[in-house]
Amino acid sequence: MDSIHDLGGMDGFGPVRPEHDEPVFHEKWEGSVLGLQRSILYLGLWNIDVFRHAQERIRPNEYLSWSYYERWTHTLIATALERGLFSDEEFRSGIADAVSSSAPLVPLTSRDTDKAFVRGNFEREGMGEPRFCVGDMVITKELRITGHTRLPRYARDKIGTIIAIRGRHVFPDAVVSHGKEDPQWLYTVEFEGSEIWGEAVDSTVSNLIDAFEPYLLRPEYD
Amino acid sequence: MDSIHDLGGMDGFGPVRPEHDEPVFHEKWEGSVLGLQRSILYLGLWNIDVFRHAQERIRPNEYLSWSYYERWTHTLIATALERGLFSDEEFRSGIADAVSSSAPLVPLTSRDTDKAFVRGNFEREGMGEPRFCVGDMVITKELRITGHTRLPRYARDKIGTIIAIRGRHVFPDAVVSHGKEDPQWLYTVEFEGSEIWGEAVDSTVSNLIDAFEPYLLRPEYD
Amino acid sequence: MSDSDHHHSHEDGSTLTDIQKRVKALESILVSKGLVERAAIDQIIEHFEHKVGPHVGARVVARAWVNPEFKHALLKDATQAINHQSDFPEVGQHLIAIENSDSLHNVVVCTLCSCYPWDVLGLPPVWYKSAPYRSRIVSDPRSVLKEFGLKLSVGKKVRVWDSTAETRYLVIPQRPVGTEAISESELAKLVTRDSMIGTGVASFSAESKDHG
Amino acid sequence: MSDSDHHHSHEDGSTLTDIQKRVKALESILVSKGLVERAAIDQIIEHFEHKVGPHVGARVVARAWVNPEFKHALLKDATQAINHQSDFPEVGQHLIAIENSDSLHNVVVCTLCSCYPWDVLGLPPVWYKSAPYRSRIVSDPRSVLKEFGLKLSVGKKVRVWDSTAETRYLVIPQRPVGTEAISESELAKLVTRDSMIGTGVASFSAESKDHG
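Residue numbers (the working numbering), protein chains in the order written: chain B, 1 to 222; chain A, 1 to 222; chain R, 1 to 212; chain U, 1 to 212.
Read the hints as simulated data drawn from the structure, not as lab findings. Some hints could be false.
[As the list claims (entries may be wrong)] Pairs of lysine-lysine residues, derived as DSS-like cross-links and limited to a Cα-Cα distance of at most 25 Å, are as follows: (1) R:Lys157 x R:Lys71; (2) B:Lys28 x U:Lys24; (3) B:Lys158 x U:Lys157; (4) B:Lys158 x U:Lys33; (5) R:Lys189 x A:Lys28; (6) R:Lys156 x A:Lys158; (7) R:Lys156 x R:Lys76; (8) B:Lys180 x B:Lys141; (9) B:Lys141 x B:Lys28; (10) U:Lys51 x B:Lys28; (11) R:Lys51 x R:Lys21; (12) B:Lys28 x U:Lys33; (13) R:Lys151 x R:Lys189; (14) U:Lys146 x U:Lys156; (15) B:Lys115 x U:Lys51; (16) R:Lys146 x R:Lys51; (17) B:Lys141 x B:Lys158; (18) U:Lys156 x U:Lys21; (19) B:Lys158 x A:Lys158; (20) U:Lys146 x U:Lys157; (21) B:Lys141 x A:Lys158; (22) R:Lys76 x R:Lys146; (23) B:Lys115 x B:Lys180; (24) R:Lys76 x A:Lys28; (25) B:Lys28 x U:Lys21; (26) B:Lys141 x A:Lys115; (27) A:Lys28 x A:Lys115; (28) A:Lys28 x B:Lys158; (29) U:Lys71 x U:Lys189; (30) R:Lys33 x A:Lys115; (31) A:Lys28 x R:Lys21; (32) R:Lys129 x A:Lys28; (33) A:Lys28 x R:Lys51; (34) A:Lys158 x R:Lys151; (35) B:Lys115 x U:Lys33; (36) U:Lys129 x B:Lys28; (37) R:Lys33 x R:Lys51; (38) U:Lys21 x U:Lys51; (39) R:Lys21 x R:Lys129; (40) R:Lys157 x A:Lys115.
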């Protein structure tokens with residue numbers, strides 16, 4: 001879905017405001033939210049793509065009004081309820097039902113937090129060769145889907161060049177829409193800035209994205 | 001500028017909610033805002049394009065959170081202050097300065113409100129012929145400007161067909177950027193839905209916009 | 001003006017909300033400077049509350065249904081056609097009438113703001129100005145129309161008109177079947193606001209005939 | 001959760017804000033169900049507050065500056081290169097190092113969310129996750145960089161990398177001139193977080209030399 005999270009190229013948000021000597025957390029609860037997010041992802045009931053898609057479904061005015069960790073809090077609670085990690089009643093009362101119907105889950109404990117610090121590897125071995133080579137010209141699709149995608153609006157229906165092949169990775173669009181990893185080749189694609197922004201950008205600028213193979217067409221062949 | 005006002009094709013706002021037996025105004029002050037807007041435009045200090053551009057500059061989270069007439073109220077006050085219709089001090093106190101420095105302006109009175117009800121005519125006679133004919137294929141520009149434009153993001157860098165020539169009209173982009181009318185030919189352009197939305201839309205849908213000549217290129221020639 | 005303006009009113013004991021106070025302040029200074037006349041504002045409110053509205057467009061549509069010559073003129077130049085009829089209020093330039101048929105459905109939006117044919121329909125409803133309508137009708141018209149209770153046949157062509165300039169669009173809905181014997185003024189009652197935006201159709205039932 | 005949740009707190013006499021209460025409630029039920037361990041959460045906080053951070057990336061960059069062989073390996077596969085060094089913490093897969101030069105400046109963003117190389121830079125600053133940065137750096141990088149005090153020469157090429165997948169980008173800033181005699185660990189102090197995102201550069205002045 002092309003919700004407010006897809007911010008690339010939008011105007012009107014004002015200047016970037018870096019904060020001098022910014023603390024890691026501005027308030028204590030922000031750290032708790034981060035710890036909870038890591039712990040919940042560790043349970044393996046859903047992955048980072050599902051978490052991202054949940055953020056995308058926050059209403060646009062709330063997405064823009066809430067802070068980053070407020071959005072996380074909202075999303076963690078909403079997804080946990082949606083996926084039955086706990087019930088509405090349990091959340092309100094703070095007390096777990098006597099009989100828990102959830103599958104046996106292994107929580108993250110203080111003995112093995114190290115496992116939660118190294119980023120997950122989303123590359124998947126498999127058969128088949130990448131369809132494109134470094135140097136190939138490609139056109140990104142005009143892709144509008146109601147589910148999740150990682151092809152930003154600003155980079156659609158644009159001509160670019162493959163500059164790297166990054167391996168075969170879990171396909172976020174598939175994970176969110178039907179829970180399957182459906183690994184796809186991943187490429188870094190470079191676009192001339194003018195191809196994307198027209199005359200608004202000078203000729204020294206280029207934009208790069210990491211694009212999954214299903215986002216790409218071969219000019220004049222597809 | 002491509003701010004939050006350019007909503008075409010965005011997701012995440014939820015269902016349309018028509019209101020049964022909707023009143024003309026939901027609150028009395030909304031009518032006052034409309035009356036004030038009409039009266040202020042009548043003064044001729046700025047036109048509808050300037051008013052629209054002022055709306056575009058509302059911060060996105062406020063644009064989405066405020067009601068329509070709240071946005072108008074904000075914009076009227078901000079533009080009046082910006083253009084010196086009254087000073088900050090006058091607005092706060094509600095009392096006009098003894099010596100008013102503004103140019104002599106003719107207010108809208110109850111004798112001639114009729115004049116404010118018929119929509120202004122933005123067509124301008126002039127020399128020159130339209131560059132395109134009905135039936136011509138055109139490509140819309142990938143136009144990103146910091147000022148005002150009436151070419152929506154969803155209809156940029158797309159191939160369409162001229163279906164009507166609407167005359168030579170005041171060019172909103174020019175009015176806002178340098179206060180000149182700089183009239184331009186206006187066309188209605190039709191696009192196949194799939195040209196804009198890809199496979200997401202069925203083949204029966206087409207999208208139409210009214211596009212000024214500077215938004216349009218001739219395929220393979222420009 | 002920040003969000004908090006809307007949430008923390010009444011702190012000074014006034015019964016006015018913050019937005020009401022701001023509108024009042026704007027009106028006061030403009031009146032005080034002689035730039036705005038209160039009686040004119042009242043007339044503008046009166047005009048939009050009682051004079052213009054969908055009934056104007058409905059009369060135009062009904063006449064187009066019964067009078068082929070008028071319909072021809074309307075589709076050629078709606079402004080001229082309407083202004084040549086002595087019993088219609090004057091409308092502004094560049095009003096464009098677009099006609100629905102068995103094979104084509106038209107629907108109108110303004111994705112960039114809220115352009116709307118005020119002359120013939122009055123002020124737009126809140127939903128027309130809302131983000132859900134403006135964002136989705138262009139990319140997914142059939143789903144949005146379904147939410148209005150309008151299910152188009154599968155093969156029907158759908159044109160979505162985005163009012164991006166000072167042209168204004170009025171949809172001429174199809175004349176309902178079974179209305180051959182009905183007078184122009186009775187036909188006008190079948191023409192809803194939504195049918196002239198394209199989010200509805202004009203309809204007629206035996207029941208409404210009985211009451212007509 | 002609506003806006004009002006954030007504005008009308010403390011009505012029950014509690015000193016916690018609504019967001020604090022919600023976080024506490026989430027933690028409570030997860031702990032109560034045995035799905036989360038409080039000590040693990042504390043360790044995660046401790047990790048991000050004290051263990052990872054830009055100092056990790058800075059050490060990687062400094063080594064790349066002084067050790068051509070390491071730099072070569074880093075640019076080929078940053079994850080492997082770093083994990084082969086015994087004195088760096090382990091980093092996840094698909095970390096990609098991109099090198100600035102006299103003719104090329106690299107800058108990294110995540111327009112769709114807030115992807116960031118946590119392994120080597122710690123948690124992203126608020127501005128990196130904010131709408132102003134995410135919206136503008138892709139379309140107008142020079143202006144945004146100017147707001148960071150970074151004025152690029154006119155002809156310099158600018159590559160804007162949008163982290164749209166599970167690859168993560170670490171910018172290798174140029175080694176400042178005049179640092180030939182400086183040790184690797186002192187060089188690391190010149191490498192700022194922003195220089196590794198691309199919104200800054202590593203710099204060195206006689207003054208900092210005096211103190212080093």
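Going back to the hint list, which numbers does this structure go against?
The structure breaks hints 4, 5, 9, 11, 16, 18, 22, 24, 26, 28, 34, 37, 38 and 40; every other hint is satisfied.
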